[in-house]
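K.L.:
Assemble the whole structure, with the sequences as input and the hints as a guide.
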Amino acid sequence: MKILCPIKRVVDPYAKVRPLSDGSGLDIGAVKFDVNPFDEIAVEEAVRMKEKDPTVTITAVSIGGPEVEEQLRKALAMGADEAMLIENALPLDSSVVAAELAHFAKGYDLVLMGKQSTDDDNGQAAQMLAAKLNWPQATFASSVSIVDGIATVTRETDTGEETLVLPLPAVITTDLRLNEPRYIALPGIIKARTKPLSKVPRATDAGPKSRVVRMDSPPPRPAGRKVARVDELIAGLKERGVL
Amino acid sequence: MPRLLLVAFAPADNAALGGFAEAIGLEGTLIAFEGEVPPADAAADALKKEADGFTHIAAVSSMQSKDVMARLAGLLDAAMVTDAIKVVSPTQFVRPMVAGSVLATVETMHEPVVITFRPASFPKVEKNGDKALKVLETTTSRTSKSGGAKGSRPDLTQAKRIVSGGRPLKDAATFEKIIGGLADKLGGAVGATRAAVDSGIAANELQVGQTGKIVAPDLYIAAGISGSTQHMAGIKDSKVIVAINTDPDAPIFEFADFGLVADLFTAVPELTEKV
Ligand SMILES: Cc1cc2nc3c(=O)[nH]c(=O)nc-3n(C[C@H](O)[C@H](O)[C@H](O)COP(=O)(O)OP(=O)(O)OC[C@H]3O[C@@H](n4cnc5c(N)ncnc54)[C@H](O)[C@@H]3O)c2cc1C
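Chain order of the listed sequences is Z and P.
Take the first sequence: its letters are residues 150 to 392, numbered as in our numbering.
Take the second sequence: its letters are residues 318 to 592, numbered as in our numbering.
Do not take every clue at face value.
Claimed, not checked - One-sided excerpt, in silico: chain P residues whose CB lies under 10 Å from chain Z:
#1 Arg478
#2 Leu536
#3 Phe582
To be verified - List of simulated lysine to aspartate or glutamate pairs, EDC-like, C-alpha gap at most 16 Å:
#4 Z:Lys281 with P:Asp394
#5 Z:Lys348 with Z:Glu236
#6 P:Lys403 with Z:Asp183
#7 P:Lys556 with Z:Glu388
#8 Z:Lys181 with Z:Glu236
#9 Z:Lys387 with P:Asp535
#10 P:Lys462 with Z:Glu311
#11 Z:Lys358 with P:Asp564
#12 Z:Lys375 with P:Asp564
For the record, the hints were derived by calculation from the structure and aren't laboratory data.
C-beta atoms are modelled at their ideal positions from N, C-alpha and C, and glycine is treated no differently.
P.N.:
As structure tokens, this is what we get:
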């Protein structure tokens, strides 16, 4: 089974970020970058499949500039077999990402990727990709098992969980509960340096269908107050008309 | 000529869709799924057949609509805006990103545009469905489904009052007794942090935040919740936020309208008794 894991370089999800004062973009400052946490969960899941079945091969893929190599190396260190960087310096949106991935996903049995990126918070690319490939999809997976080319996926829903059964090839997106990604020990990172990382040009000339034209800070909440006792809290809530 | 298609995944969506139509200034044709919505591949295929000639296709944000509408956008080669909170014009929308740290103005440069929007940010305007959509064929089969009828508690995304608990709640029984007890007394819903869900204290559909549910009640009571950016992203639209936390320096106090530095195991039961 051939698995493709698209990964995205995002600002550290635990860092505090804000827009530049002129609204032209994000004030990244000294913020670090990492693999989108949901994509990391996807790579982890693929590696666990490979550990159970050595015939599994994993390709990590990303679209971007040379800086993205750092994140692809991390995926290799986690256990991906090879990495592919689709070189791009042009503006992207989810539709372009999906168009590119649709080209490179041909021949794979499974695309396993994050349900959303923690920077854009869009949650679009995987479903668009599945549509373009005309493959079935299972989003928000909390458990995945694949037997004889059939995936059984338990996915989180608005009201609980459901289990879907879908034939491969398919696109599956990961939710937080799927697994806890491994810590990468030094030998893995060293070994990863010798694993193949290829650079390929873009396959399509698709342009973005949307773009961010401004970024603003959300309006601050008016300052609240501390209360000393439960009775004072109840009085305050009554005053505000919510009790 | 702009034309708006409104997609209702549940009857409760209708009024929110009416409000969105008003905000974008288009009349809108409303189609509603009849019965159970099928898995995304079949649902999106069915919607594609209905989407011909429409420039804007909108649905209320939910996990289900994200699943289906993004696939529809792929099928239609559409532009997509997720979680819109404001319509600036039919080609410009405001949406939060980076866990709500940024409000981005997104311009679409292509038609059609598929939009999901947060219902709390738009007025409710009653609207009747124009067409019911029933889907029978699917390639993906659904073999089990849980949740849905969760007792008498209101749906988190609609609730006027919410009581949420975090990591210190220990186990599911304690969580249910302390957090559920106050929620029931208030006639409200129960929410949780990722930490509480991950450790099995609360069910996954109760997770509130950047990657869980976005809520907008009149009253949000957070007990034993530190106030991570990811959690706050889901509760910013609450009218009044109450924080109960033993740590006076917990970040949640920066956002809370009322902060009570106290042990939740005594403060919450006392609150339950007195309200
Ligand atoms: C990709 C990603 C997505 C995420 N998405 C979400 C999301 O959607 N929603 C979400 O909630 N989190 C999310 N998180 C996790 C988030 O970063 C925090 O880890 C989480 O919100 C913390 O939960 P908590 O407040 O329950 O736990 P903690 O941060 O551990 O806080 C517990 C608090 O309880 C207080 N406390 C302890 N004992 C008591 C007591 N007896 N009485 C009163 N107070 C007490 C402590 O002082 C502390 O402030 C996400 C993280 C990542 C990386």
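K.L.:
Against this structure, judge whether each hint is valid.
P.N.:
Status of the hints after comparison with the structure:
| no. | hint | verdict |
| --- | --- | --- |
| 1 | Arg478 | 8 Å, holds |
| 2 | Leu536 | 4 Å, holds |
| 3 | Phe582 | 13 Å, violated |
| 4 | Z:Lys281 with P:Asp394 | 9 Å, holds |
| 5 | Z:Lys348 with Z:Glu236 | 7 Å, holds |
| 6 | P:Lys403 with Z:Asp183 | 30 Å, violated |
| 7 | P:Lys556 with Z:Glu388 | 13 Å, holds |
| 8 | Z:Lys181 with Z:Glu236 | 21 Å, violated |
| 9 | Z:Lys387 with P:Asp535 | 12 Å, holds |
| 10 | P:Lys462 with Z:Glu311 | 4 Å, holds |
| 11 | Z:Lys358 with P:Asp564 | 47 Å, violated |
| 12 | Z:Lys375 with P:Asp564 | 12 Å, holds |
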